[in-house]
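Chemist: In order, the protein sequences belong to chains A and B. Here the working numbering is used: the first sequence runs in plain steps of one and ends on residue 265. Here the working numbering is used: the second sequence runs in plain steps of one and ends on residue 707.
Everything labelled a hint here was simulated from the structure, so no lab data went into it. Please note that a few of the clues may not be correct.
[What the hints assert, rightly or not] With a Cα cut of at most 25 Å, we get these calculated PhoX-like pairs of lysine-lysine:
id, chain 1, residue 1, chain 2, residue 2
1, B, K412, B, K697
2, A, K95, B, K532
3, B, K532, A, K183
4, A, K39, B, K689
5, A, K39, B, K704
6, A, K208, B, K704
7, B, K403, A, K38
8, B, K697, A, K50
9, A, K201, B, K401
Fair warning: this is a prediction, and the values are worked out from it, not measured in the lab.
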Amino acid sequence: MSDQQLTVPTMAEMTAKGESPEVLFWVGCAGSFDDRYKKVTLAFIKILNKVGISYAVLGEEEACTGDPARRAGNEFLFQMQAMSNIQVLDGYNVKKIVTACPHCFNTLKNEYPELGGNYEVIHHSTFLQQLINEGKVGLKGGGEFKGKKITYHDSCYLGRANNIYDAPREVLEALDAELVEMKRCRTKGLCCGAGGAQMFKDAEAGDKEVNIERTEEALETGANIIAAGCPFCMTMMRDGVKSKNKEDSVEVMDLAELIAKNEGL
Amino acid sequence: MEFLPQIAFLIIVAIASFFLFKRITRIRKNIFLGKPSGRTDRPSERWKTMLLVAFGQQKMFKRVVPAFLHFLIYAGFLVINLEVLEFVIDGLAGTHRIFAPFLGDFYTVLINVFEFLAVAVLFSCVAFLVRRNIMKVKRFSGEEMRKWPTLDANLILVIEIVLMFAILTMNATDMLIQGQDDHYAQTSTFFFSSFLVPLFEGMSVSTLIFVERFAWWFHIVGILGFAIYVTYSKHLHIAMAFPNTWYSNLEEKGKIENMPVVTNEVKMMLGMQAEGSNEPPAEIARFGAKDVNDLSWVNIMNAYSCTECGRCTSQCPANMTGKKLSPRKIMMATRDRAEEVGASLEKGGKGLEDGKSLLGDYITKEEINACTSCNACVEACPINIDPLAIILEMRRYVSMEESAAPASWNGMFQNIETSFSPWKFAPTDRFKWAEDLNKESK
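Hey, can you work out the whole structure from these sequences and the hints?
Modeler: Written out as structure tokens, the structure is:
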């Protein structure tokens, strides 16, 4: 890239200028605060800038969608979050939202409409797939990942929850990499262990951690890269790889990071 | 005296129908202990789901071997029941194989089809007994499968084997009697039961008639008895699978059912106009589910439809890593509790007010807390049972009525309330990530 400074437009700034972006990038709490997932946010921003799409973020006006609260049983808190988020989104007349978090995606897409928030919501895997189909990114061939073994870990909230299995895989295929599937994949994909608000508490007593079980499956494929599309999966799989002492040979990467790297961004 | 068998038959059918009707009425009441469900939208999609998933066994075929064996029993169940029609007419009219003279050669063809299915059912039931008791397929074991559920499963298979033997015995002896007793219509050879003929050759006609009659009565009384047994058994899925799939959740699996009661309260708290706010607020029974009557009736119907195959539990990430949660147990506990409440109400007892509850006495918090809401159990169920819905309703009860969610979850709630993120970060730092955009080298 050139030395040109990148800036991230916010909805407030754009509205002040009398503009309205084509799409709102919903960053999510992990994408905003988690050190590892902030890198995914940056990678996705670079892609957005490169393809020159008109987008904005909410910045400090963004707040948790309420997903973990709802799944932990606190419906009041969920609906409080949802209602105030809907007020913000409607205030900016948002029509289309893209997010790199399947939990935010699921909540915004499936659960906000009943509370009055109606938007076209897409996950970044679908968004990237569309960019690839339109020829805006990828398909260079001979890129950084050509021939490398990559396995894709299905996020439950993308897969079973919303039937998105192909988009992330098509994104990976654009890398010209060798896509290897785990024993349990697609509808049978094994959870990373973090969904349903498990991310925010210790697991109940048992004889194994779910992420270890899943990491073992991923390592069995012999892949050097475990591709993910979810901040919780990312954390769980990285912890799993670390506990297996494989962090030198196996990397957990998000789809946006893979595409950005392939593009030389 | 001539009509004695017909009268006996009529009485037996009447008694069986009475008990069956009583049981069905009870189960219906037990199911409707649950709250109303709005699942009557999109009827054409619902019929289609029922046809594909229940009638067409679509989801069974994810596992080919049991699917094939199950399909044979299923086809046998559907088709052999046609023969029961003839049984009932014969029993009431005092005739014997009333359709034989009318259908001629086609009758023999039909019976041969039935016999083929009877043998197929026999074969499959033996294979299933082997899978359960000798191969010990893992999903048939587990904490909740001890005692009755295991006995129930084996009993069903043994009863079906015995009933099929009765049909074949009846047909074998029938062939030997034909031509020796005018009451017995002449048919061609029945292929499968002819292999049993050597067992009965040489017996006197009266002995043969006794064996044939015994087998006939055994089969029809057996079927009626089995029908009543089924209502107490996991085998009830043979009927419940159909309505259960009709009332499937047609929304995306990730979507959790909304709580409109909460919506109204939240709107009031935020100073927004709640819908229908002119009406007095409805009496709020309870947030979430503590007992079966807090669930929707579809949840309870799910429980009555469960045949305890364990596909859900075998796919559950919590269960496979040694946690106490087993989605199958959630369904079995829900049914057990509904049965307990129903039985008590039947006797004029305390019913729901017996001091017990589904959450606490049947299902523990440790179990529901272990769920990752990954939907693997829902996906795995061959008839679209949804254990996750019950788990989430119970979490709502624990969180909102008891404020007894795990401490870390309460901390997470607090973080969301105060800093709008499940983690404790200052909301003003939310956009700091953008500052790193130009720091990194590419």
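Chemist: With reference to the structure, classify each hint as holding or not holding.
Modeler: We went through each hint and held it up to the structure:
{"no.": "1", "hint": "B/K412 / B/K697", "in the structure": "59 Å, violated"}
{"no.": "2", "hint": "A/K95 / B/K532", "in the structure": "23 Å, holds"}
{"no.": "3", "hint": "B/K532 / A/K183", "in the structure": "47 Å, violated"}
{"no.": "4", "hint": "A/K39 / B/K689", "in the structure": "20 Å, holds"}
{"no.": "5", "hint": "A/K39 / B/K704", "in the structure": "12 Å, holds"}
{"no.": "6", "hint": "A/K208 / B/K704", "in the structure": "40 Å, violated"}
{"no.": "7", "hint": "B/K403 / A/K38", "in the structure": "43 Å, violated"}
{"no.": "8", "hint": "B/K697 / A/K50", "in the structure": "21 Å, holds"}
{"no.": "9", "hint": "A/K201 / B/K401", "in the structure": "35 Å, violated"}
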